[in-house]
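S.K.: Next come the chains, spelled out residue by residue.
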Amino acid sequence: MAQRLKEVDVVVIGVGMVGTMVSKELAAAGYKVVGLERGQTRATVPEFQSPGIHDELRFDVRKALMQDNTREPVSFRNQASQVALPVRRWESFLPGTGLGGSMVHWNGQTYRFQANDFQLATRTRERYGKTFLDSDLTIQDWGVTYDELEPHYDRFEYLLGTSGKAGNIKGQIQPGGDPHESPRSREYPTRPQKEHYQGALFRKAASGMGYHPFPQPSSNLSEPYTNPEGLKLNTCVFCGFCERYACEHYAKAVPQTVLLPVLLANPNFELRTGCQVQRINLDSTKKHATGVTYIDAVGREFEQPAALVITCGFAINNIRMLLLSGIGKPYDPASGQGVVGRNYAYQTMSTVASFFDEDVIINPFMASGASGTLINDFAGDNFDHSGLGFIGGAFIGAVNTNGRPIQYHPVPPGTPRWGKAWKKAVLKHYNHTVMFSLHGSSQAARQNYADLDPTYRDAWGQPLLRITFDFPQNDLRMAEYVTSKAVEIGKAMGAKQVAGGPRKGPYTITQYQTTHNTGGTVMGESPRTSVVNRYLQAWDVPNVFVIGASNYPQNASWNPTCTLGALTYWAIDALKNKYLRNPARLVSA
Amino acid sequence: MKRVTRRSFVTSVGAASVLPASAVLGAVQGSEPAKENAVNAAGTSAPDRTVADRPTYLFFNAAEVLFIEAACERLIPADENGAGALGAAVPNYFDKQLGGAWGAGERLYRSGPWAPGTPQQGYQLPFTPAELFRNCLRAIDRQLAAANTPFHEMSADQQDAYLKSLESGENELDGVPSAIFFDMLLAMSIEGFFADPAYGGNKDMVAWRMIGFPGAYADYYEAIDKHGEKFMRDPMSLAEDGRGHIHMHPDIPASL
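Residue numbers (our numbering), protein chains in the order written: chain H, 372 to 960; chain R, 7 to 262.
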């Protein structure tokens, strides 16, 4: 029997970046906030320190910082006609766990989406006509515009101290930045990181072809920075251990370095770790949440009543929380009815490897997670898609982040997988290869969705989330096209051999691609096609807010974190200035 | 390819590396330390190995060691550039991983029901890595005993052909598709070759020296500006920094 605790104003589920931001703002506004985190407490000292932190086997291969999949995996299948099976080991994507969430192990790539992305359905129709889209695509507008989000993007970048070069300040194109970006109100908080050799080679070739290379916006900082919360970050030293690792140097912007110390000092906030929320509780009308039920680290069950519940989990966990709680109608792909789990999307990643002679020394291990150089000329809708038969695109960049050799030892196509020839090729190419990443958009499609698995359960006895996903044909055509453009850049760099690897289907969970899972609790203008309104408030249960990349109606050509930060500040603004003053539906259905 | 006898094989790989444990276990009699002055990747003469340098196998039994040592060395062979899997003590890495938490199913979701699934759904066997190796090594041993040629007594070409039969999945190992076993064998060989020496392979950071990876070293703030220049520092293992160096932040207490 659950022990019932004293009611609080707000319960936050998940204390990652989003949960930290929400809790900090609402606690500062005087509300009593409890943060429930399923993982452990961790801090830069001692948890992220050497010698242990630069350990490729432990963190890269064995995935030490990730969600405990022995207790809480997902199940997966490519299509609804198959039987989903549990993902017994993480590979394709790596959700984190513990205080600070997945952002602790991010690369720090801090892009904004473009104005076009937020009105994708409308603008695609306007530019290419009503019949251009493949019939399986279910893309839609976000219900919020870039202009509305711009101040919140700005605030998030200044929280992180992001290092970059503006390309468009209030409509004025800036030399050295990305001319395709939507207008920003001011320059980045810190200058770009130094350019590594791969980036310099790419910049020269891409410029020569008439493209517009610019430095990757990085939240591994180029110089010391004090953020508006009064926290100080250090200069990144390019150690090459960002993604899948935590930063020992206070140089990567993560909750621990940019906000958690402020939150934890506020007596209005209480952090409880090791707490696995089982469900959001509803009253008999099913229109009002009464709090949450969770099980703590030693197995005791608690009911935490609250006036407001905000779920701030990683995308797939937000979807599951709503399904387990009976909030919103689950999506049915056969009828197209229902919304929870609908428009699950991902990212369409391709690669190009350029192999040089041995006199070109690359030193791939000197990098941060975001110290590359890239172009947006083939991203989003920055090029004319007429006659191409697809929408979307990818950034193309020399954005390799490391030379950690268990996972990074590029060899040309046709090299045997083992033996003498393999070893020879590894030695020959390790220090003489430039890798491009092609970071492609992912369009929502009718057949891709998430629901509860009928068979497999987690350690607490609850159904796993079941993901049904394969790449839509639209996205595979996009990958093919953009890869052909990137191969031309590789050749222009003077590489001896250039190998293009456009993403092919079927999607496999056995190969790492990205941890950019999106959708499933999407935001929008109508309760028929979205789970939350434009302020991220659940249509069906107004005292529940859902904040995460699960709000994205489809995924764009860039890493999702910065947009999530902006959406979070946008929702916080609505919570503080609208909802908490008058707790009601912020948008009438 | 020149036919390699068990004797010449052991001698040649033993020269630049540890002696295979088969010598320890008495499976091969009379192998002597090589007389030729083998040169490792760091350019120094290989010191004579003593009993203390040999891996102490805790997980593998004597017969299993014979297969693992020979198979790993075919996957990553010694060559003119330096040691292969044996010289890098990769079998020792296998032994410690399979005998520890990883072998016991660390980070592996282990609830049924069980179904083979599609290739896109990944590993779906009930076996832990330790159970998978035990099961498959027993099957391999039986298969080759029936053919009257233990793996470690085959020529290198024969060994490669047998490994390819495992890789292709044509072979079945007591119900396990052989490609599943082979993929794990290969992945772990690469891990043991390139992982920090603290895990028992990559002995003396030999693999890192061969490719020029500086290991746990972590400061390229100045070096990154020297585009195209080779970075000459010796690699650094976690073990060299055993006491650690704590990066304290002046404003943030350690406990948050």
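Any given hint could be a false lead.
Just a few of them, taken from the derived set where beta-carbon distance is under 10 angstroms, the chain H residues facing chain R [to be verified]: (1) D439; (2) A455; (3) R562; (4) A571; (5) K658; (6) F673; (7) W789.
Listed below are the simulated BS3-like cross-link pairs for lysine-lysine, each with C-alpha atoms no more than 25 angstroms apart in a straight line [said to hold, decoys possible]: (8) K867(H) with K170(R); (9) K232(R) with K575(H); (10) K799(H) with K236(R); (11) K657(H) with K377(H); (12) K232(R) with K862(H); (13) K565(H) with K170(R); (14) K565(H) with K236(R); (15) K536(H) with K232(R); (16) K170(R) with K791(H); (17) K867(H) with K232(R); (18) K170(R) with K603(H); (19) K536(H) with K603(H); (20) K657(H) with K949(H); (21) K795(H) with K170(R).
The following residues of chain R were derived to be distant from chain H, with all beta-carbon distances above 10 angstroms [stated by the list, open to error]: (22) R60; (23) T62; (24) L64; (25) D85; (26) Q126; (27) G128; (28) N154; (29) P156; (30) E178; (31) V182; (32) P183; (33) D210; (34) A213; (35) W214.
Don't read these hints as lab results, they were simulated from the structure.
Here the structure is a predicted model, which means the values were calculated and not measured.
Cβ coordinates follow ideal geometry from the N, Cα and C atoms, glycine included.
S.K.: Are K170(R) and K791(H) close enough, with their CA atoms no more than 25 angstroms apart?
M.R.: holds (14 angstroms)
S.K.: Run the C-beta distances from W214(R) to all of chain H and say if the shortest one exceeds 10 angstroms.
M.R.: violated (7 angstroms)
S.K.: Has the given pair, K565(H) with K236(R), been kept, meaning a C-alpha gap of at most 25 angstroms?
M.R.: At roughly 18 angstroms apart (the allowed maximum being 25 angstroms), K236(R) and K565(H) satisfy the hint.
S.K.: Mind checking the alpha carbons of K657(H) and K949(H) for me, to see if they're no more than 25 angstroms apart?
M.R.: holds (23 angstroms)
S.K.: Mind verifying the non-interface call on P156(R)? Its CB should be farther than 10 angstroms from each CB in chain H.
M.R.: Given that every Cβ of chain H is farther than 10 angstroms from that of P156(R), nearest at about 21 angstroms, it holds.
S.K.: Compute the least Cβ-Cβ separation between V182(R) and chain H, then decide whether it is above 10 angstroms.
M.R.: About 15 angstroms separates V182(R) from the closest Cβ of chain H, which puts it past 10 angstroms; holds.
S.K.: So T62(R) supposedly isn't at the interface. Is its beta-carbon more than 10 angstroms from every beta-carbon in chain H?
M.R.: holds (20 angstroms)
S.K.: Against chain R, run the beta carbon of F673(H) and see if the smallest gap drops under 10 angstroms.
M.R.: violated (24 angstroms)
S.K.: Any Cβ of chain H at or closer than 10 angstroms to Q126(R), or is the non-interface label fine?
M.R.: violated (4 angstroms)
S.K.: Need the status of pair K867(H), K232(R): alpha-carbon distance at most 25 angstroms?
M.R.: Given pair K867(H), K232(R) holds - Cα atoms ~22 angstroms apart, limit 25 angstroms.
S.K.: Assess, step by step, whether the Cα of K536(H) is no farther than 25 angstroms from the Cα of K603(H), and give holds or violated.
M.R.: holds (21 angstroms)
S.K.: Since D210(R) was said not to touch the interface, does its Cβ keep a gap of more than 10 angstroms from each Cβ of chain H?
M.R.: D210(R) is indeed farther than 10 angstroms from all Cβ atoms of chain H, at 15 angstroms.
Violated hints, in rising order: 3, 5, 6, 8, 13, 18, 25, 26, 27, 34 and 35; the structure is consistent with all others.
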